[in-house]
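Asks: In the order they appear, the protein sequences are chains A and B.
If you're matching positions, the first sequence starts at 1 in my numbering and goes up one per residue.
If you're matching positions, the second sequence starts at 1001 in my numbering and goes up one per residue.
Rather than coming from a laboratory, the hints here were simulated on the basis of the structure.
Note that the Cβ used here is the ideal one computed from N, Cα and C, for glycine as well.
You may find that some hints are simply not true.
Far from chain B, by Cβ distances over 12 Å, these chain A residues were calculated [unchecked claim]:
#1 ASP18
#2 ARG50
#3 ARG88
#4 GLN89
#5 ARG100
#6 ASN113
#7 ARG145
#8 LEU209
Stretch-level coverage of chain B by chain A, calculated; a stretch enters the list once three of its residues show a Cβ under 8 Å from a Cβ in chain A [said to hold, decoys possible]:
#9 1055-1069
#10 1088-1100
#11 1172-1179
Chain A is faced by these chain B residues, among others (derived, beta-carbon under 8 Å) [claimed, not checked]:
#12 ASP1073
#13 ILE1075
#14 ILE1080
#15 VAL1083
#16 ALA1128
#17 PRO1129
#18 GLY1136
#19 MET1139
#20 LYS1146
#21 ASP1147
#22 VAL1186
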Amino acid sequence: MTTVLERPGAEGAATAADEAVADVPDGATVLIGGFGAAGQPVELIDALRRRGARDLTVVNNNAGNGDTGLAALLATGAVRKMVCSFPRQSDSWVFDDLYRSGRIELEVVPQGNLAERMRAAGAGIGAFFSPTGVGTPLAEGKEERTIDGRRYVLEMPIRGDYALVKAHVADRVGNLVYRKTARNFGPVMATAATTTVVQVSRVVETGELDPEVVVTPGIYVDRVVVTHG
Amino acid sequence: MGERASTSERLSKDQIAAMIADDIPTGAFVNLGIGQPTLVADHLDLERGVVLHTENGMLGMGRAAVGDEVDPDLINAGKIPVVETPGASYFHHADSFAMMRGGHLDVCVLGAFQVAVNGDLANWHTGAPDAIPAVGGAMDLAIGAKDVFVMMTLFGKDGSSKLVRECTYPLTGVACVSRVYTDHGVFEITPAGVRLREAYGATADELRHRTGLDLL
Chain A
1 MTTVLERPGA
11 EGAATAADEA
21 VADVPDGATV
31 LIGGFGAAGQ
41 PVELIDALRR
51 RGARDLTVVN
61 NNAGNGDTGL
71 AALLATGAVR
81 KMVCSFPRQS
91 DSWVFDDLYR
101 SGRIELEVVP
111 QGNLAERMRA
121 AGAGIGAFFS
131 PTGVGTPLAE
141 GKEERTIDGR
151 RYVLEMPIRG
161 DYALVKAHVA
171 DRVGNLVYRK
181 TARNFGPVMA
191 TAATTTVVQV
201 SRVVETGELD
211 PEVVVTPGIY
221 VDRVVVTHG
Chain B
1001 MGERASTSER
1011 LSKDQIAAMI
1021 ADDIPTGAFV
1031 NLGIGQPTLV
1041 ADHLDLERGV
1051 VLHTENGMLG
1061 MGRAAVGDEV
1071 DPDLINAGKI
1081 PVVETPGASY
1091 FHHADSFAMM
1101 RGGHLDVCVL
1111 GAFQVAVNGD
1121 LANWHTGAPD
1131 AIPAVGGAMD
1141 LAIGAKDVFV
1151 MMTLFGKDGS
1161 SKLVRECTYP
1171 LTGVACVSRV
1181 YTDHGVFEIT
1191 PAGVRLREAY
1201 GATADELRHR
1211 TGLDLL
């Protein structure tokens, strides 16, 4: 069952976002969508920052850009561990400082393994053998197996307590469509969390989305926050 | 395809990019890595139907966006705004990497710190103690595309060869590179050894001496 939280105006949207993440507890694993700024659910991340939960594990492709969104959340010290493929960027100074001063843990995962580990969690797969990373430092200590002459390493699923995702349009039963490359991790993360919270620019009446173009079916979506923009 | 390369001079970045573009087969699905490899796009003849893949979820990626075309929701793997071409499609990250890992991409072009004579690739981490490790999609691309082309200078700033007997930097992928395009020419990684296709800015013997490698 999907709950749609829609309040008028920017302040209303912030209140709705606060409500949508009000039960995120200390110690939660939170999957956060986005590739750089594209698809980053900034309003939901800001609400999570205001919520003040501590000791979080955050999964995202990057580790924050500039001083807003994920970087602003990291700056509060609320995140104990970052799981990502590419933390180091020209504007990742918030993460860089935390990491260099030993105030945050980092697990670097090849981007495809990161996506597939969440896909596996959402699809009920116990673990899988991936050819990515074989013979590299990122495969050290992992079970390896040769199948049909090719080497693979065992990769475990990544399950989230919460997923925060940005989509473009939702209907009232939580079906989602995305916009261009802002889709990135959204559809996979939506399947991999106990509670999936989505922010959208617009909500339409049920029946208005063409079922043929729905990318994320509403079964995966628990809460929708309308941000009007 | 730019001016004709002369064997008496080293190739410029643009000449290397043009050479790679010439070697990409008609109709190929291609991923161009971040940095120098993006130059290859400027030399691709789109009439030949080459389709560009970007790992953040798109086939049919076009050129960099300018002016009003810039859309924050439409970026490439280097987070640069781009445009879409007719026939483009979008997909999520697990699909995008399944496309790579599943062997559906024909060619990817990557930069490198080092390539070994057996095709081992090192391009993600210098191993320096204060470096923050970041890999992105490099490991998936390295093992996924049918052909992995590397674009790099043959020698580092200190004069040491980046084509080596064995990589000293942490690996990105094992025995995955098929060709190395450099300012001194193209090196093909074959089971019999490394074959130099044509030498630029030095003779083949000089390159054997400076790299310390037995080039075919």
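Asks: Next, verify each hint and record whether it holds.
Replies: Cross-check of the supplied hints:
The Cβ of A:ASP18 sits about 25 Å from the closest Cβ of chain B, beyond the 12 Å cut-off, so the non-interface label holds. Once the 12 Å rule is applied to beta carbons, A:ARG50 is consistent with being away from chain B; the minimum gap is 24 Å. Remark: the non-interface label on A:ARG88 conflicts with the geometry, its nearest Cβ contact in chain B lying 4 Å away (cut-off 12 Å). Against the 12 Å criterion, A:GLN89 falls within the reach of chain B, whose nearest CB is about 8 Å from its own CB.
The Cβ of A:ARG100 sits about 7 Å from the closest Cβ of chain B, inside the 12 Å cut-off, so the non-interface label is violated. Its beta-carbon lying about 7 Å from the closest one in chain B, A:ASN113 breaks the requirement of being farther than 12 Å from that chain. For A:ARG145, the requirement that its beta carbon stay farther than 12 Å from each beta carbon of chain B is met, with the minimum near 15 Å. With a least beta-carbon separation of about 16 Å from chain B, A:LEU209 lies farther than 12 Å from that chain, consistent with its non-interface assignment.
Figure legend: the segment 1055-1069 of chain B, annotated as covered by chain A; annotation consistent (4 residues with Cβ-Cβ distances under 8 Å, at least 3 required). With 9 residues having a beta carbon nearer than 8 Å to a beta carbon of chain A, the segment 1088-1100 of chain B meets the requirement of three or more and the stated coverage holds. Coverage of the segment 1172-1179 of chain B by chain A holds. Counting CB-CB distances below 8 Å, 3 residues qualify, and the rule asks for three or more. Checking B:ASP1073 against chain A by beta carbon gives a least distance of about 4 Å; that is within 8 Å, so the hint holds.
With a least beta-carbon distance of about 5 Å to chain A, the hint placing B:ILE1075 at the interface is held under the 8 Å criterion. This hint is violated: B:ILE1080 has a C-beta 10 Å from the nearest C-beta of chain A, more than the 8 Å allowed. Evaluation of the B:VAL1083 hint against chain A yields a violated restraint, the C-beta minimum of about 11 Å exceeding 8 Å. Of the supplied interface hints, the one on B:ALA1128 is violated, with its beta-carbon coming no nearer than about 12 Å to a beta-carbon of chain A, more than 8 Å.
A least Cβ separation of about 11 Å between B:PRO1129 and chain A goes past the 8 Å threshold, and the interface hint is therefore violated. Hint on B:GLY1136 holds. Least Cβ distance to chain A is approximately 4 Å, under the 8 Å limit. Among the interface hints, the one on B:MET1139 holds; its C-beta lies about 4 Å from the nearest C-beta in chain A, closer than the 8 Å criterion. Hint status for B:LYS1146: violated, given a least beta-carbon distance of 14 Å to chain A, over 8 Å.
Residue-level restraint check for B:ASP1147 is violated (minimum Cβ-Cβ distance to chain A is 16 Å; threshold 8 Å). Interface hint status for B:VAL1186: violated, as the beta-carbon distance to the closest one in chain A is roughly 25 Å, over 8 Å.
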